[in-house]
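So the protein lines, in turn, are chains A and B. In this text, residue positions in the first sequence follow my numbering: the first is 3, and each later residue adds one. In this text, residue positions in the second sequence follow my numbering: the first is 2, and each later residue adds one.
If you're looking for bench data, these hints aren't it; they were derived computationally from the structure. A few of these clues could be false.
Unchecked claim - Derived SDA-like pairs: lysine to any residue, alpha-carbon spacing no greater than 20 Å straight-line:
1. K65/B <-> Q609/A
2. K66/B <-> Q609/A
3. K169/A <-> I519/A
4. K65/B <-> L675/A
5. K69/B <-> Q609/A
To be verified - Covered stretches of chain B, as calculated for chain A (at least 3 residues, CB under 8 Å):
6. 41-51
7. 54-66
As the structure is a computational prediction, the values presented were derived from the model and not from experiment. Just so it is clear, CB atoms sit at the ideal spot from N, CA and C, and this is done for glycine as well.
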Amino acid sequence: MDTPAVNQQFIASSQQQKLDRFLVCGLGSNGQHCVVALREFGVKAIAIEQVQPQSWEIPNLPDLLEDLIIGDCRENNILQQAKIKRCRAVLLVTSNEQINAETALAVRQLNPRTRIVLRSTKENLNRLLSEQLGNFIAFDPNQLPATAFALAALGTEVLGLFKLDGKLVGVGKHLIKPGDPWCNRLLYDINSRQRRVLAHIHSSNQLSSLHQWDIETKVKLGDTVIYIEAKERFVAELNQRQTSRRERQSNSKILASIWNNFKDKTNEFLQLSFQQQIRKVALFSGIIVLVLLLIGTILFKFYFKDTTWFSAFSATAILLLGGYSDLFGEFKPSDIPWWLQLFSLELTVVGTVFVGVIYALLTEALLSSKFQFVKRRPPIPQNNHVVIVGLGRIGKQVASLLQEFKQPQVGISLDPDFDRTFLPEMPLIIGNINDSLSKANLATAKSIVVLTNDEILNLEIALMTREINQNSNLILRTYGQNLRNNWTQLLPNAQILGVYAVAAEAFAAAAFGENIIDLFRLNNRTILVTEYEVETDDTLNGLLISEVAYGYGVVAILHQKPPNASTLIPSDDLKLAVGDRLVVLADINALRRIEEGSLNLINKCWQVRVEAVTTSDAVFEGANIISRISGCNLNTARELMNNLPNILPTPLYKHQAQRLVRELNQSLVKARLVTIPDFHG
Amino acid sequence: MTNEPEINSQQLKLAALSDTLCAALKYGEEGFQIAVRILQNETGQMRLAAYHVIWQELDETGRKKLLKYLSQHSN
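Construct all of the structure, not just a fragment, from the sequences and the given hints.
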């Protein structure tokens with residue numbers, strides 16, 4: 003009975019076009035970086051821009067585009083020109099959020115299947131659009147790199163920190179110093195159920211990529227170990243360091259610090275009084291009033307011998323506050339000499355002027371404080387703190403994250419109307435840049451993060467801070483590619499993060515359907531914390547986690563087989579199946595590999611030769627271990643163990659093979675690594 | 002239960018792939034080139050399975066040749 007409908011559906015589905023195009027709407031800085039990031043995934047994007055750009059931030063950008071369409075991306079005919087029906091994903095990244103939202107609606111009407119990646123800061127709208135449009139994700143390009151900035155500010159030890167299923171996971175960089183408990187241990191020995199070594203760098207080398215190191219190396223002094231660890235250890239460690247620093251301060255140091263603080267405050271007050279005209283007037287008026295008060299009190303006391311000092315003082319104060327008529331109001335002969343009466347009149351006139359000025363200044367100060375009687379902020383940290391210059395949207399996020407990490411910090415806002423209720427626990431300086439920097443104890447700061455919206459001002463501040471403190475971590479925010487390249491030469495040790503370049507990688511990865519949970523920087527590369535749900539035709543389906551890790555170059559940090567609970571730092575020996583959830587750390591190249599399913603096989607060239615067993619139980623246990631770690635059939639493993647000595651036919655990745663040998667040896671099975679001569683993967 | 006047909010089709014595909022590769026590798030250099038091209042066209046689990054089959058069919062010289070080919074054609 004439903005035959006026509008079924009036919010129609012069949013025809014419609016057979017006519018469904020292959021989704022193989024990517025569309026970027028808006029070729030500003032963010033859009034251009036998205037095109038580059040998509041190119042890194044091996045795809046050329048079609049782009050829509052309202053007007054023909056006169057110049058490109060990324061010089062060869064037109065070569066990276068499949069097509070450039072000039073027009074309004076909200077219009078259906080422009081979207082159709084851009085082959086919207088064939089688009090697998092549309093990245094709406096214009097700087098106008100209204101245009102982005104309107105285009106998202108138009109796109110969904112024209113293509114119900116395409117993935118929409120929206121640039122938007124409006125969380126509520128994003129949630130509603132996600133519910134209504136489906137296959138939709140929205141990012142705030144300023145929010146994504148906030149973690150990267152905050153982590154860079156923490157210094158060199160913590161590279162990444164994020165929450166997965168409510169549990170804290172950190173990526174750390176550990177430099178081996180004398181007496182370090184990790185010194186002289188084998189790398190695999192550092193691994194635990196909560197910790198996994200990601201990389202090992204010899205003192206003289208640079209990190210090339212994850213997994214390109216030998217797990218059986220002994221850790222030496224000066225080496226660096228990069229590791230991932232679950233649980234609260236990172237925050238606890240950071241706090242512990244701060245506490246112990248505080249404890250180490252001797253009493254004399256505390257006294258010296260109080261004295262220095264007092265001196266600083268006094269100098270600061272004097273500098274401010276003389277720097278600012280209005281305060282000069284206040285000071286001048288105050289001095290005049292005090293001098294007159296003093297002279298008046300002395301004169302009254304000496305002329306009226308019977309009076310007290312306090313009465314003389316009161317009479318002078320009354321006159322200064324305009325009370326001449328209260329003392330000399332009645333017209334009758336007085337025994338007070340004319341010169342004293344004249345002086346009293348002068349006191350009243352001068353007092354009226356100068357006390358008036360003081361009243362006016364007090365009123366102005368009260369009004370400018372906007373009656374915000376907020377809690378007093380803590381003092382500016384003396385040393386080892388983070389200075390955040392620029393408390394715009396991204397600056398506020400960085401400050402909040404650093405507060406979450408319990409880092410001593412001071413925020414500097416150049417905006418006089420800055421919301422003074424923001425993070426009341428954070429010391430805050432508001433004012434012009436020269437004054438603010440001088441108050442922030444820059445010379446002893448651990449890190450300086452410069453995040454204003456003005457790139458040139460950021461450069462100026464960076465150069466100023468470098469003059470004061472050469473050793474601090476300097477983190478700079480830029481937008482443009484060109485500036486970033488030039489600044490790297492000018493400030494060689496600074497970390498210069500392009501907001502849009504970092505965010506674009508997340509936008510591009512999201513275009514392929516991946517859920518980007520967070521990102522951080524590792525050796526100038528962006529590492530994306532990416533979540534996958536394994537599907538039937540997925541390039542992850544049926545693989546061991548070790549094969550995913552070494553084959554695609556990622557690190558698996560969470561695995562879940564719903565409805566079971568998730569496991570952090572999962573075992574390498576789990577086989578992925580449809581419905582599994584996997585969270586990995588990956589750079590954009592690794593994500594592309596997963597997208598293409600192009601497992602790296604060159605490094606899968608290690609074999610294990612099993613020599614002998616010492617007990618009969620070891621034969622059984624050995625076969626189980628071989629099957630579990632190599633992923634080979636259990637029968638193959640049993641056959642191997644029954645015909646020793648023999649080589650396991652399945653080639654393995656080096657770390658996988660090393661672990662197999664180690665576990666076999668622990669189970670009293672003698673085994674060793676075998677590789678192709680002249681070919682070490 | 003719902004995954005059974007999928008598993009079967011996957012196993013069938015693996016078996017067919019294995020047969021094709023084994024057959025191809027019997028035909029010297031040309032067969033090797035075909036097998037490697039099949040390997041390069043596969044993704045994920047099938048790519049891994051194809052690699053294992055080729056690896057196990059080759060001797061040490063062949064394996065060196067395979068790794069050299071892959072390193073030259075890796076992206």
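Status of each hint after checking the structure:
no. : hint              : in the structure
1   : K65/B <-> Q609/A  : holds (14 Å)
2   : K66/B <-> Q609/A  : holds (17 Å)
3   : K169/A <-> I519/A : holds (13 Å)
4   : K65/B <-> L675/A  : holds (17 Å)
5   : K69/B <-> Q609/A  : holds (17 Å)
6   : 41-51             : holds (count 6)
7   : 54-66             : holds (count 5)
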